[in-house]
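For the sequence shown, our numbering gives the first residue as 1, with consecutive numbering after it.
Errors might be hidden in some of the hints.
Stated by the list, open to error - Only pairs whose alpha carbons sit at most 30 Å apart, straight line, appear in this in silico DSSO-like list of lysine-lysine:
#1 13 / 25
#2 10 / 21
#3 34 / 21
#4 25 / 14
#5 13 / 34
#6 10 / 34
#7 14 / 34
#8 25 / 10
Stated by the list, open to error - For each label pair, taking beta carbons as the anchor points, the in silico distance ranges come out as:
#9 35 / 58: 14 to 24 Å
#10 32 / 54: 26 to 36 Å
#11 57 / 33: 35 to 45 Å
#12 10 / 43: 12 to 22 Å
#13 32 / 58: 17 to 27 Å
Honestly, the hints are just simulated from the structure, not real lab data. No residue lacks a Cβ here, since even glycine has one placed at the ideal position from N, Cα and C.
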Amino acid sequence: EVVRDLLSEKNIKKRGIFNIKTVNKMILDDLNGKIDAAYPIFALMCLEWWMRIFIDGNQTNISKSK
Numbered sequence: 001e002v003v004r005d006l007l008s009e010k011n012i013k014k015r016g017i018f019n020i021k022t023v024n025k026m027i028l029d030d031l032n033g034k035i036d037a038a039y040p041i042f043a044l045m046c047l048e049w050w051m052r053i054f055i056d057g058n059q060t061n062i063s064k065s066k
């Protein structure tokens, strides 16, 4: 799943921007129907893609996420 790949614990730790427990809880609560976090999750995914392209300079990770 693209969400789990982009927002994996490893990637979140690597960035050091967001709290791992909070992101994981948001994803799980969304999957379980407790909340609708589609937009925040999408925003985090876009940020990760952006960081890979413009900060890491590694566009090959983008194609692997598809």
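These are the hints, each one checked on the structure:
Using a Cα cut-off of 30 Å, the hinted pair residue 13 and residue 25 holds, with the two alpha carbons roughly 15 Å apart. Between residue 10 and residue 21 the alpha-carbon distance is near 12 Å, which keeps this suggested pair within the 30 Å criterion. Taking the CA atoms of residue 34 and residue 21, the gap is about 16 Å. The hint holds against a cut of 30 Å. Proximity of residue 25 to residue 14 is assessed by CA-CA distance (about 18 Å); at most 30 Å being required, the pair is judged to hold.
Taking the CA atoms of residue 13 and residue 34, the gap is near 25 Å; set against the 30 Å cutoff, the hint holds. For a cut-off of 30 Å, the pair hint linking residue 10 to residue 34 stands: about 25 Å separates their Cα positions. Simply put, residue 14 and residue 34 have alpha-carbon atoms about 28 Å apart, close enough for the 30 Å limit, and the pair holds. Of the pairs offered as hints, the one joining residue 25 and residue 10 holds, with about 16 Å between alpha carbons and a cut-off of 30 Å not exceeded.
A beta carbon spacing of about 32 Å between residue 35 and residue 58 contradicts the range 14 to 24 Å that was offered as a hint. Take residue 32 and residue 54: their Cβ atoms lie about 33 Å apart, and the range 26 to 36 Å holds. At roughly 38 Å, the beta carbons of residue 57 and residue 33 sit within the given window of 35 to 45 Å. Range check, residue 10 to residue 43: Cβ separation about 20 Å, and the 12 to 22 Å hint holds.
Checked against the hint of 17 to 27 Å, the pair residue 32 and residue 58 fails, with Cβ atoms roughly 33 Å apart.
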